[in-house]
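As a plain string of letters, each chain reads:
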Amino acid sequence: MIELEDVGYNYGGGELFSNLSVQLAPGSFHFLTGPSGAGKTTLLKLCYGALTPTAGRVRAFNMDVKGLDRDQMAYLRRRIGVVHQDCRFLDHLPVVENIALPLTVSGRGLSEEQANLHELMSWVGLSERMDALPPELSGGERQRAALARAVILSPDVIIADEPTGNVDWEMSQRLLRLLVELNHMGKTILVATHDLPLIRAAKNQVQARVLRLSNRQIISAGADL
Amino acid sequence: MNALKALILGDKQADRVVPPSGFTAHLTLFVSGAMAFLCVFALALSMASGRVAHRWSEELARAATLRINAPAEQRAAQTEAALAILAQTPGVASARALSLEEQAALLAPWFGADVPLDTLPVPQLIEVTEAEVGYDAQGLRLRLQAEVPGAVLDDHTRWRRPLVDAAIALRRLGVVSILLIGGAMAAMITLAANAALAANAQVIEVLRLVGAQDRYIAQAFVRRFTLRALSGAAVGVVLGMIGVFLMPEASEEGGFLTGLGFQNWRWFLPLVIPPLAALVAFVATTRAARKRLGDLA
Chain U
1 MIELEDVGYN YGGGELFSNL SVQLAPGSFH FLTGPSGAGK TTLLKLCYGA LTPTAGRVRA
61 FNMDVKGLDR DQMAYLRRRI GVVHQDCRFL DHLPVVENIA LPLTVSGRGL SEEQANLHEL
121 MSWVGLSERM DALPPELSGG ERQRAALARA VILSPDVIIA DEPTGNVDWE MSQRLLRLLV
181 ELNHMGKTIL VATHDLPLIR AAKNQVQARV LRLSNRQIIS AGADL
Chain D
1 MNALKALILG DKQADRVVPP SGFTAHLTLF VSGAMAFLCV FALALSMASG RVAHRWSEEL
61 ARAATLRINA PAEQRAAQTE AALAILAQTP GVASARALSL EEQAALLAPW FGADVPLDTL
121 PVPQLIEVTE AEVGYDAQGL RLRLQAEVPG AVLDDHTRWR RPLVDAAIAL RRLGVVSILL
181 IGGAMAAMIT LAANAALAAN AQVIEVLRLV GAQDRYIAQA FVRRFTLRAL SGAAVGVVLG
241 MIGVFLMPEA SEEGGFLTGL GFQNWRWFLP LVIPPLAALV AFVATTRAAR KRLGDLA
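Top line first, the protein sequences correspond to chains U and D.
For the first sequence, position 160 matches number 160 in the working numbering, and the numbering has no gaps at all.
For the second sequence, position 158 matches number 158 in the working numbering, and the numbering has no gaps at all.
Hint data in this document are derived by calculation from the structure and do not stem from the laboratory.
Treat the hints with caution; some may be incorrect.
[Unchecked claim] In silico BS3-like pairs for lysine-lysine, Cα to Cα no more than 30 Å straight-line: (1) LYS291(D) / LYS12(D); (2) LYS203(U) / LYS12(D); (3) LYS45(U) / LYS66(U); (4) LYS66(U) / LYS12(D).
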């Protein structure tokens, strides 16, 4: 589904990693872990086309990401739901409109999607917070809203960058359950995290693989929990 | 065509994704209003100049003056001879000698109303009106030279041309002013659009992240700036038309400085300005958005 072949990436002269190969098979669940600065976020950005590799090739849905034009890239983004650590909302729009943003930009009317939208809000536990503005949400609520936005178009792949970075343990568990549920629906999940207890907690819920990014290489790819 | 349709119909949801920005909104409204206001005056000036050029050209081209500079005892005879020649000249519709009273009235501004014209060596003036086909001025001059030695034909060409040229130049100046106003407006709106796009770089990033195409993002900005320019220009045009309406009416005493307003159906011409301003804003913002989105890629 998403495949990185001998990928390398340089930041202004410095090599972040090289010859890195990863495959995300359909329906798989991956954790990406490693120390701060190892390049986890960069690797995620390479997966959804926000960055272009300086070496090697990234293929998503059998397309070389490097060769995509702007419109094709927009369509790719609709097939990959992304949850950022800082969530990135439009602060002037209420939560419900932020969650519906992928529907809006893809030209699907909100009126015919109302039922799905309400169901989704209920699924992430934000039914009571629909009209709140993003700055009024707690850390956990923001992460759940970001997850709802990422899945509203029912993408094939969901990528989450430190989704539990700013929330307590209970909320981490709740987010993990939502991600596992999505995986059980057949979605491919890639979660970058340095939260090892979370990875351990996932052991009983899902068959996940851990990719450890360290010293410019993925060193423990394929290790089962 | 699709872009125009989307621009007119709009998308309520899409309009909300870009936050209403403060100073660029006011700048666009103010610039459009001010430029439309100036444009109304430039248009009025241009049209008035055109009218003046046409009127002077028409009126003066069809009139000529024959001056009889002859000693007092020969003046009547030469006047008679000149009138006879004019009556035979093809292209002359009519010719008549001005009476003493008419000549006195012409000199009154300089010598007063009771100028003793019969005691002064004032030449006799003959007013010549040209027919539609016109006459051969050079041929008439040669004949008068031979038969009426004291006659001097003045067909007004000498001083008509510079006046008409000046009026035409003024009209051109008006047109150039309108073009410059349009250019300045495009430049200002481009600056405002660039500022808005730069201020909303994060919004653009989020929109791209959730799969927005560049044309969707551009349209959100373009529609907003186009509508602002349209409404600003509409206010400017209304104020400009009120200003023109309040200007003094055309009068003989005021000469060229009066009568700068529009006439008849031409009062509707300024109504073209707001759609043109919207078009200028549409083109300027579309170009700015394309460039900015390209740079942000």
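Exercise. Taking each numbered hint in turn, which are not upheld by the structure, reported in ascending numerical order?
Worked result: Of the numbered hints, 2, 4 do not hold.
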